[in-house]
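Engineer: The task is simple: from the sequences and hints, build the whole structure.
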Amino acid sequence: MKEVPNILWLEEIRKEDISSVGGKGASLGEMASIGLPVPPAFVVTAQAFRRFLVETGLDQKIFKVSDNLDVENNAALEKAADTIKALVMKAKMPAAIKDDIKASYKKMSQKDMIVAVRSSATAEDLPDASFAGQQETYLNIKGEAALLSAVQNCWASLYGARAIYYRAKQGFEESTVNIAVVIQQLVHSEKAGVMFTSHPISGEPTTIIEGSWGLGEAVVSGSVSPDHYVFDQRTESIAEKTIANKNVEIVPDGSHGTKLVAVDAARQDAQVLSDAEVAKLAMYGKIAENHYGVPQDVEWGIVAGTIYILQSRPITTIGKNEAKGMSGQNKDAKILLKGQGAAPGTATGKVVIIRDAKDTGAVKEGDILVTRMTNPDMVPAMKKVAAIVTDEGGMTCHAAIVSRELGTPAVVGTKTGTQQLKNGQLVTVDGEMGFVYEGAFGGAAQAKTTGTAPVVVGSAPMITATSVKVNVSIPEAAARAAATGADGVGLLRIEHLILGLNKTPGWYISNHKEEEFVKELYDGIKIVLDAFPGKTVWVRTLDAPTDEFRNMAGGENEPLEHNPMLGWRGIRRDLQSPDQFRLQVEAFKRLWKAGYEHLGVMFPMVSHPDQFTKAKAMMQGWGVDVDNVTLGIMIEIPASAIMIEDFLQAGIKFASFGTNDLIQYTIAIDRNNENVADMYNPQHPAVLSLIHNAIQKCREYGVECSICGQAGSDPKMAVWLVEHGISSISANIDAIAKIREAVARTEKRIILEAARNGDAE
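In terms of this note's numbering, the sequence shown has 237 at position 234, counting the first letter as 1, and numbering is strictly consecutive.
Among these hints, one or two may not hold up.
With a Cα cut of at most 27 Å, we get these calculated BS3-like pairs of lysine-lysine [claimed, not checked]:
no., residue 1, residue 2
1, LYS82, LYS361
2, LYS95, LYS64
3, LYS353, LYS425
4, LYS418, LYS387
5, LYS114, LYS88
6, LYS262, LYS361
7, LYS596, LYS617
8, LYS522, LYS596
9, LYS18, LYS522
10, LYS418, LYS341
11, LYS18, LYS516
12, LYS741, LYS341
13, LYS244, LYS361
14, LYS592, LYS656
15, LYS386, LYS367
16, LYS386, LYS82
17, LYS95, LYS18
18, LYS145, LYS88
19, LYS88, LYS101
20, LYS741, LYS751
21, LYS387, LYS337
22, LYS538, LYS516
23, LYS418, LYS361
24, LYS244, LYS283
25, LYS93, LYS67
26, LYS425, LYS337
27, LYS538, LYS741
28, LYS361, LYS386
29, LYS105, LYS93
Think of the hints as simulated: they come from the structure by calculation, not from any bench.
All figures in this text were calculated on a predicted structure; none of them were measured in a lab.
Structural biologist: Printed below as a string of structure tokens:
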């Protein structure tokens, strides 16, 4: 096996090199390889660190100190960490490693370039092992001496108390964990922040971007409450924009380190990002997500209008917070504070105000931790508490990220939490709505300080005649979707299951790994079916455009289409690629055989009844009892709405409007084209006419008619749909409560009006 050198340059690195360059290093190499704007960098490899340990004799000394360490004993943990870090810092770096670092630094720039020195541990930033802020980063480093010192400090940070604690809890063997160090040109960001390429809790396709002035550390640490932007990938538009008061920023401090300074008055309430910058960042995020196959947590910076991508790692919190219960505002309770709901759930407990990490010994099980902002040293305390409240921060700050991973309700950015709340005060925290209430929420019992679980509060959903279902994109969101009380799943997209494999169906077929593909589909769909026992789950067959396949293994031969949205996708592709269709059908067939009768299959992009008939015949040929399973169609092409009666006569058992496509195909508006996107109108009379007529025909034939497009998550549209007789509405996870309320109110009004009209007669 080829020996790994002390230094690897970014252009040499791929994700397979993670054991040498760690999570950050591998991610930077991958991003650079797909053309994202990544500043130049090199990595001091994990093998160099291992040589340092061996050649200095530190390896045995370190493992002796850490052997049989009780990480729950704070005093012992801190003592061991301090001992090991001191050993690392006192040791002399081997000359060969030192010379390689100096030579690489000089190669990067003949002048002393200002760099960021970032730890990149080989057990961090992984899909199943990610935790914020374990090892150190040093910014604004200039000169060889400062650089060598920063590298050794990064090595020492591998043995911080919080890092040792986390590894022990995650089951990592201390002797196997290495660390690499990324040396990267420092981007003197005029504005910077963090982006989640999909919603970090539900996994829905909304890109969340938070930004502030100066270096991104202000946003990541929670030093400032940042501007908050939500970019809906489905409509390619900004769905939400919150401009915060940003009174401080982090900037380089001379030639070494950083400092926190006040923001001048003119910029404090100014919008950080232009709409164009939000859209461009979201595009970069989508590229990264598609490349990796999973949603990403991306750090970015902007200088003179140029965007730089500084880091990307998987989001590990999607679907992890369902067990904490459901949130909902108690109208009778007094609201003490309002902030941003950063981690869902509701918990009651006694306030403990922490002004410094050294004071966390006062935190007991079940407390409500209140602080200006959290930092990595607070993690052991954060694991104990029932909920977390901060003065500063946004959805992407340390408190928010860690709370979601721990499954702990959190409200951030309250501004005055540490001033308004008092130690020992009984409060209830609603991490979904962003409220802190006085006393126990809705009569909930106080969370005890003896280690009992946090109190969680929920309420039974309203019963409506119109079914209110939920859209699900990834299996990891199934439990949270079920917790909404939805009447079923009106749309389960399987694109994320397939895109997450990072290999096209054709790759599995050509490499004789069909069984592996079928099992992935089977297991993913089964998770959702199990979360909704006895409730219908409609699974849409594959509808990935060719451009989404192109960057995956096996995508080399994907056609280049001028407009993939109008191209080779949906049922039209499946019918022309029978092997791809057969693998999907095999997964469905096994699920039906296993007793999952509530599974329905929905064909997308159907424009003529012949396509439905042919798909049904192909399924029958592969052994499916097509007369006794539930098969339906998406209505997303005007032709299918106009010909709905022909589809009904062909035997469809349900139909569901895909309004995102139906709207753009009806009024000839490309929702991805910024020149005409503002003309995209879900309630255009022609669209409403198509929907109304299709609903009436489905009612005439006694076939369930639903909606699963974005319009179904709009309460105003829900009212119109109920008034026009739709059978069910499927909405996004976060919209279920408001849609159910809109449906219930509309149904009651219709009944009341009918009764009044009857009395009048």
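Engineer: Indicate, hint by hint, whether the structure satisfies it.
Structural biologist: Hints, verified against the model:
| no. | hint | result |
| --- | --- | --- |
| 1 | LYS82 x LYS361 | holds (14 Å) |
| 2 | LYS95 x LYS64 | holds (15 Å) |
| 3 | LYS353 x LYS425 | holds (9 Å) |
| 4 | LYS418 x LYS387 | holds (23 Å) |
| 5 | LYS114 x LYS88 | violated (32 Å) |
| 6 | LYS262 x LYS361 | holds (22 Å) |
| 7 | LYS596 x LYS617 | holds (22 Å) |
| 8 | LYS522 x LYS596 | holds (14 Å) |
| 9 | LYS18 x LYS522 | holds (25 Å) |
| 10 | LYS418 x LYS341 | holds (9 Å) |
| 11 | LYS18 x LYS516 | holds (23 Å) |
| 12 | LYS741 x LYS341 | holds (20 Å) |
| 13 | LYS244 x LYS361 | violated (36 Å) |
| 14 | LYS592 x LYS656 | holds (18 Å) |
| 15 | LYS386 x LYS367 | holds (10 Å) |
| 16 | LYS386 x LYS82 | holds (21 Å) |
| 17 | LYS95 x LYS18 | violated (31 Å) |
| 18 | LYS145 x LYS88 | holds (23 Å) |
| 19 | LYS88 x LYS101 | holds (19 Å) |
| 20 | LYS741 x LYS751 | holds (15 Å) |
| 21 | LYS387 x LYS337 | holds (26 Å) |
| 22 | LYS538 x LYS516 | violated (32 Å) |
| 23 | LYS418 x LYS361 | holds (22 Å) |
| 24 | LYS244 x LYS283 | holds (16 Å) |
| 25 | LYS93 x LYS67 | holds (17 Å) |
| 26 | LYS425 x LYS337 | holds (16 Å) |
| 27 | LYS538 x LYS741 | holds (21 Å) |
| 28 | LYS361 x LYS386 | holds (16 Å) |
| 29 | LYS105 x LYS93 | holds (20 Å) |
Hints 5, 13, 17 and 22 from the list above are not met by this structure, while the remaining hints are.
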